[in-house]
Amino acid sequence: MKYFKNDLIRLKKVLLIAYHNKENAEPGEPWQGSVMNQIRSIGPIYAETPWFMLFDDRFVWRFATAVCLVAMILSVYVLQTGFHSEYELASLFLGNPLEFTLTQYFGAN
Amino acid sequence: MHNDTPNDAEIVRRVLEGDVNSFEHLLKKYKNYVFKIVNKHVPYDQVEETAQDVFVRAYQSLPKFEGRSSFKQWLAKITVRTCYDFWRKTYKNRELPMSSLTENQKDWLEKVISDQASQSFYEEVTREEAREVLNYALDRLSSEDRMVLELVYLEGLSGKEAADLLGWSVANVKVRAFRSRKKLHKLLVAN
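Order-wise, the sequence lines are chains A and B. Numbers 14 to 122, taken from the working numbering, label the letters of the first sequence in order. Numbers 345 to 535, taken from the working numbering, label the letters of the second sequence in order.
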């Protein structure tokens, strides 16, 4: 049997009425109590700290004092000992040329 | 005027600080809303259990609630996805129904389609028979088709709204909506 568009529209209307007139359940007090009992049995949950939050202001400032102190100590040490990178490299090369060359080679790659 | 009722964000914050009982505020506020959604998608005798699952899931997922959308919208997504999971589990454990429409249901369908029914027919008989016929057809669709059909075809949501609720792409929802509508027509009209 052939059906026309209007026939199907009528069918859709009737099905829609049936769908929306479905018998509905209501939440009662015992249901609410049962949900809360299950929630309490799970216990407290806490917010997760995403990894990017580690760089958030709170965490940065918490370590700021320690970082400044370390930077100052290193600066004083370098000024006192007179660290010069060229001399250090030259002495390393003269002291153990083979190891130094390999380190440079693998380091560069 | 001072408002003593804390807002949703405040309640969520309290729960995440370990105050489990604060969750009851959210439960009281949104239980009717959740029941309204669940009632549409699962059988009457499964509504309470499914709604309970919704709130337990929401509680366990609270640390992931970022507050980009309102708590109500976020809860609606969890509710629809829990209903979808209900059908996935149900369909996994069931045998495909082999029975076809009864003679009464076939007569009813014929009357509706051919417009032979009177006004009283629509008012008195239609509701029960229509529900049976609709359930017959929905039971023969996959859980994905069923959810899309209910959201788009029967509730009138847009593809974007349904996609947002289900967590699918808009294209996927549109394709499924089209196919499931065809299947529904085939199931009903072929009978």
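If you're looking for bench data, these hints aren't it; they were derived computationally from the structure. Hints should not be assumed to be uniformly reliable.
SDA-like mimics (lysine to any residue), calculated; alpha carbons at most 25 Å apart, straight line [stated by the list, open to error]:
1. B:K372 to A:G56
2. A:K25 to B:L510
3. B:K384 to A:Y59
4. B:K433 to B:K450
5. B:K433 to B:Y388
6. B:K375 to B:K436
7. B:K518 to B:V533
8. B:K375 to A:G95
9. A:K35 to B:V514
10. B:K372 to B:T434
11. B:K450 to A:G46
12. B:K421 to A:L24
13. B:K526 to A:P40
14. A:K25 to B:G500
Because the structure is a prediction, the values reported are computed rather than measured.
Status of each hint after checking the structure:
Using a Cα cut-off of 25 Å, the hinted pair B:K372 and A:G56 holds, with the two alpha carbons roughly 19 Å apart. Taking the CA atoms of A:K25 and B:L510, the gap is about 24 Å. The hint holds against a cut of 25 Å. Distance hint between B:K384 and A:Y59 is unfulfilled; the C-alpha atoms sit about 33 Å from each other, more than 25 Å. A distance of roughly 30 Å separates the Cα atoms of B:K433 and B:K450; the hinted pair therefore is violated under the 25 Å criterion.
A threshold of 25 Å between alpha carbons decides the hint, and for B:K433 with B:Y388 the separation of about 17 Å falls inside it, so the pair holds. Between B:K375 and B:K436, the direct Cα distance comes to roughly 28 Å. Violation of the 25 Å bound is thereby established for this hinted pair. Only pairs whose Cα atoms come within 25 Å are accepted, and B:K518 paired with B:V533 is accepted, the gap being roughly 22 Å. The straight-line distance between the Cα atoms of B:K375 and A:G95 is roughly 72 Å, outside the 25 Å bound, and the hint therefore fails.
Proposed proximity of A:K35 and B:V514 is contradicted: the alpha carbons are some 28 Å apart, above 25 Å. In summary, the hint linking B:K372 to B:T434 is not supported, as the alpha carbons are separated by about 29 Å, beyond the 25 Å threshold. Taking the CA atoms of B:K450 and A:G46, the gap is about 45 Å. The hint is violated against a cut of 25 Å. Distance restraint check for B:K421 and A:L24: the Cα-Cα separation of roughly 30 Å exceeds the 25 Å cut-off, and the hinted pair is therefore not satisfied.
Taking the CA atoms of B:K526 and A:P40, the gap is near 36 Å; set against the 25 Å cutoff, the hint is violated. For a cut-off of 25 Å, the pair hint linking A:K25 to B:G500 stands: about 12 Å separates their Cα positions.
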